[in-house]
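There are 2 protein chains.
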Amino acid sequence: MKLVSNCIRYSMHGDPRKVLTLNTIAIDADIKPNEILVKWLASPINPLDINKIEGKYPLRPDYPATGGSEAVGIVENVGADIRSLHKGDHVISNSIYNSVWTQYDVLSEDAVLKVRSDLDVASASTLLINPPTAYIMLTEYVKLSPGDFVVQNSANSAVGRCVIQIASALGLKTINIVRDRPDIDALKKGLMSLGGDYVFTEEEFTKNNTKFIKTLPAPPRLALNGVGGRSAMVLCASLGHGGTVVTYGAMSKKPIEILSSSFIFKDLRAFGVAVGPWMQMHPEKAGHIMTVLQDMLVKGQLSPPPMEQVPMAQFATAMEKTLAGRNKKQLVLFHDDVSKEQCYKSKL
Amino acid sequence: MKLVSNCIRYSMHGDPRKVLTLNTIAIDADIKPNEILVKWLASPINPLDINKIEGKYPLRPDYPATGGSEAVGIVENVGADIRSLHKGDHVISNSIYNSVWTQYDVLSEDAVLKVRSDLDVASASTLLINPPTAYIMLTEYVKLSPGDFVVQNSANSAVGRCVIQIASALGLKTINIVRDRPDIDALKKGLMSLGGDYVFTEEEFTKNNTKFIKTLPAPPRLALNGVGGRSAMVLCASLGHGGTVVTYGAMSKKPIEILSSSFIFKDLRAFGVAVGPWMQMHPEKAGHIMTVLQDMLVKGQLSPPPMEQVPMAQFATAMEKTLAGRNKKQLVLFHDDVSKEQCYKSKL
Chain A
38 MKLVSNCIRY
48 SMHGDPRKVL
58 TLNTIAIDAD
68 IKPNEILVKW
78 LASPINPLDI
88 NKIEGKYPLR
98 PDYPATGGSE
108 AVGIVENVGA
118 DIRSLHKGDH
128 VISNSIYNSV
138 WTQYDVLSED
148 AVLKVRSDLD
158 VASASTLLIN
168 PPTAYIMLTE
178 YVKLSPGDFV
188 VQNSANSAVG
198 RCVIQIASAL
208 GLKTINIVRD
218 RPDIDALKKG
228 LMSLGGDYVF
238 TEEEFTKNNT
248 KFIKTLPAPP
258 RLALNGVGGR
268 SAMVLCASLG
278 HGGTVVTYGA
288 MSKKPIEILS
298 SSFIFKDLRA
308 FGVAVGPWMQ
318 MHPEKAGHIM
328 TVLQDMLVKG
338 QLSPPPMEQV
348 PMAQFATAME
358 KTLAGRNKKQ
368 LVLFHDDVSK
378 EQCYKSKL
Chain B
38 MKLVSNCIRY
48 SMHGDPRKVL
58 TLNTIAIDAD
68 IKPNEILVKW
78 LASPINPLDI
88 NKIEGKYPLR
98 PDYPATGGSE
108 AVGIVENVGA
118 DIRSLHKGDH
128 VISNSIYNSV
138 WTQYDVLSED
148 AVLKVRSDLD
158 VASASTLLIN
168 PPTAYIMLTE
178 YVKLSPGDFV
188 VQNSANSAVG
198 RCVIQIASAL
208 GLKTINIVRD
218 RPDIDALKKG
228 LMSLGGDYVF
238 TEEEFTKNNT
248 KFIKTLPAPP
258 RLALNGVGGR
268 SAMVLCASLG
278 HGGTVVTYGA
288 MSKKPIEILS
298 SSFIFKDLRA
308 FGVAVGPWMQ
318 MHPEKAGHIM
328 TVLQDMLVKG
338 QLSPPPMEQV
348 PMAQFATAME
358 KTLAGRNKKQ
368 LVLFHDDVSK
378 EQCYKSKL
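Residue numbers (the working numbering), protein chains in the order written: chain A, 38 to 385; chain B, 38 to 385.
Check each hint, because a few of them may be wrong.
Copies of one chain are not kept apart here, so a pair can be met inside one copy or by any two copies together.
[To be verified] Capping the alpha-carbon separation at 20 angstroms, the derived lysine to aspartate or glutamate pairs in EDC-like fashion look like this:
#1 Lys303 / Glu240
#2 Lys322 / Asp304
#3 Lys93 / Asp304
#4 Lys303 / Glu345
#5 Lys248 / Asp99
#6 Lys69 / Asp185
#7 Lys365 / Asp99
#8 Lys303 / Asp147
#9 Lys290 / Asp304
#10 Lys291 / Asp304
#11 Lys225 / Asp373
#12 Lys210 / Asp373
#13 Lys290 / Glu91
#14 Lys93 / Glu241
#15 Lys93 / Asp234
#16 Lys151 / Asp373
#17 Lys69 / Glu240
#18 Lys226 / Asp157
#19 Lys226 / Glu113
#20 Lys124 / Asp234
#21 Lys180 / Asp155
#22 Lys291 / Asp65
#23 Lys151 / Asp220
In case anyone wonders, no lab produced these hints; they're calculated from the structure. Because the structure is a prediction, the values reported are computed rather than measured.
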């Protein structure tokens with residue numbers, strides 16, 4: 038049986054506004070014993086997706102390639118040999134190397150991760166990348182105790198917002214640095230209401246961090262860097278002796294700068310994390326982390342980022358908005374029946 | 038009994054050419070039961086000593102302060118309670134926090150480290166800082182196997198030369214980067230003869246490192262950075278996945294720059310080392326390392342850096358030469374009887 042599936046594809050690397058097309062393909066729904074048929078419901082447009090399309094991510098697809106990485110869906114059918122999944126299970130894409138911008142897909146069992154059925158669409162569709170990035174950085178590089186301070190830049194990014202919430206759930210204190218902007222007071226309030234302990238603009242923190250750090254019971258032990266450049270240097274300068282800095286992004290597109298004296302006299306340690314390879318290298322920990330994060334989401338300790346829902350037919354507009362920046366994350370809905378109400382009020 | 042001792046002191050931080058004076062003081066040689074009387078023989082002028090005098094090292098002395106950090110000497114007398122040392126023992130200053138530019142000093146037992154009597158003056162007087170810095174970097178941050186590659190900048194520095202020789206003794210391969218200079222060919226030959234496997238100028242390496250690294254059986258697993266700035270970035274770019282960079286100096290006086298992508302996609306780890314605090318924090322390892330290094334020195338696997346000997350009376354000239362750079366390390370001899378012959382031919 039053939040199933041008609043709309044999908045968003047590209048046949049060469051380049052500007053997503055130019056190389057992406059909305060296609061209709063026929064999926065062979067007569068699946069093999071070791072396959073599953075998934076109906077994808079929704080997928081956010083992430084910076085990673087843009088990098089993959091532009092060819093800036095170390096990954097070379099076969100063409101035509103389907104876009105996307107994260108998605109939430111429902112298992113429509115399972116092959117005779119499949120034991121771990123059943124029709125109706127809620128699943129997410131299990132790897133950033135997947136391609137998910139299609140209404141239906143036939144996949145191997147391990148391409149998806151079964152998620153709790155009480156998780157809403159927005160939370161599930163953004164579970165794969167940012168929450169585990171934040172969780173890994175807060176737990177895997179230095180053993181923190183409740184009351185310890187963590188300092189981060191890019192605090193309003195999707196990862197930064199997860200850091201604030203997960204840190205708060207773990208009893209950690211966060212010092213959050215954001216870029217200045219017209220609505221800075223509202224932003225500060227918003228991050229405090231997520232559980233942030235302090236929020237500063239880059240300028241405020243650069244100017245006053247030495248004085249500010251002295252008002253704390255102890256300097257931060259962990260710095261999380263999503264920006265690079267001088268911003269990383271200021272983060273590191275605020276760390277205490279033996280402090281650790283973990284880099285997960287480079288929004289400034291500049292190399293990380295760290296004072297040599299921080300390394301030599303403060304015994305600083307620096308690491309980087311890419312969540313995809315990390316999860317592949319630590320499968321047991323990965324499973325545990327995804328369970329913990331779903332629990333936090335269902336309990337309301339962690340929430341998805343602010344998102345705008347867009348039907349698949351208006352994908353081009355959603356991509357335009359994403360590339361323009363400063364807009365809410367765009368959540369593409371692949372079927373008409375994934376209504377706003379279903380996403381946020383009823384569960385999947 | 039009073040003992041006359043010439044010493045080099047300062048009473049305020051500043052330019053060593055201005056603040057240092059040659060004084061004659063009286064040492065009380067009637068030592069207490071827990072004290073030792075040491076006759077210092079020779080001490081090198083290190084960049085560290087200059088930093089301490091200039092006030093650029095995180096250390097605030099009581100004035101008048103005696104200069105110097107490293108020295109070799111002979112135990113002249115021991116107090117009644119001292120068991121670990123005897124008159125005639127050869128000793129070195131045991132900490133970079135010591136002050137040693139004096140002919141005689143009364144010290145506690147733990148201010149010195151007994152060294153082998155078959156170690157020559159030049160080797161013993163430069164044992165405390167640079168050889169253990171090199172050894173710690175080569176052994177403590179990543180477990181290397183014979184045949185593994187290490188890449189370092191500042192390869193002609195005292196630490197860099199120790200790295201080449203210790204790496205060679207451990208069966209490791211070194212890729213050495215130096216600044217270009219008129220006598221570059223002689224320098225390259227010199228570093229190769231110490232055991233270096235490859236020597237490049239900064240310019241050569243920056244231009245060709247990608248191509249060159251591909252000719253190796255595997256990319257370097259460890260990078261040692263004594264320069265900072267862009268030089269560190271090039272070092273890190275040549276590391277393989279999961280590589281480690283250790284910073285011990287900042288000759289360029291610029292912050293370390295590392296590509297965010299090296300951290301994120303290559304799982305790079307970065308550390309810094311300051312040998313003094315490290316040795317204090319790891320006393321058992323420190324003892325073992327000093328034994329291993331003396332063994333290497335006596336076997337000829339490790340040699341002291343090229344040095345010029347200067348009598349104490351000509352200290353000012355030696356300091357001038359040190360500050361001018363590009364001269365041999367200056368080894369100050371505190372007594373007339375530490376002749377050239379005694380230093381290099383007969384042993385201490």
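Okay, the hints, checked on the actual structure:
no., hint, verdict
1, Lys303 / Glu240, "neither (24 angstroms within a copy, 31 angstroms between copies)"
2, Lys322 / Asp304, "between (28 angstroms within a copy, 18 angstroms between copies)"
3, Lys93 / Asp304, "between (33 angstroms within a copy, 17 angstroms between copies)"
4, Lys303 / Glu345, "neither (44 angstroms within a copy, 34 angstroms between copies)"
5, Lys248 / Asp99, "neither (54 angstroms within a copy, 27 angstroms between copies)"
6, Lys69 / Asp185, "neither (52 angstroms within a copy, 47 angstroms between copies)"
7, Lys365 / Asp99, "neither (31 angstroms within a copy, 59 angstroms between copies)"
8, Lys303 / Asp147, "neither (44 angstroms within a copy, 25 angstroms between copies)"
9, Lys290 / Asp304, "between (26 angstroms within a copy, 18 angstroms between copies)"
10, Lys291 / Asp304, "between (24 angstroms within a copy, 18 angstroms between copies)"
11, Lys225 / Asp373, "neither (36 angstroms within a copy, 70 angstroms between copies)"
12, Lys210 / Asp373, "neither (42 angstroms within a copy, 62 angstroms between copies)"
13, Lys290 / Glu91, "within (15 angstroms within a copy, 37 angstroms between copies)"
14, Lys93 / Glu241, "neither (33 angstroms within a copy, 27 angstroms between copies)"
15, Lys93 / Asp234, "neither (35 angstroms within a copy, 35 angstroms between copies)"
16, Lys151 / Asp373, "neither (23 angstroms within a copy, 82 angstroms between copies)"
17, Lys69 / Glu240, "neither (58 angstroms within a copy, 58 angstroms between copies)"
18, Lys226 / Asp157, "neither (25 angstroms within a copy, 67 angstroms between copies)"
19, Lys226 / Glu113, "neither (43 angstroms within a copy, 70 angstroms between copies)"
20, Lys124 / Asp234, "neither (44 angstroms within a copy, 61 angstroms between copies)"
21, Lys180 / Asp155, "neither (31 angstroms within a copy, 46 angstroms between copies)"
22, Lys291 / Asp65, "neither (46 angstroms within a copy, 60 angstroms between copies)"
23, Lys151 / Asp220, "neither (39 angstroms within a copy, 66 angstroms between copies)"
Checked against the numbered hints given earlier, the structure breaks hints 1, 4, 5, 6, 7, 8, 11, 12, 14, 15, 16, 17, 18, 19, 20, 21, 22 and 23 and satisfies all the rest.
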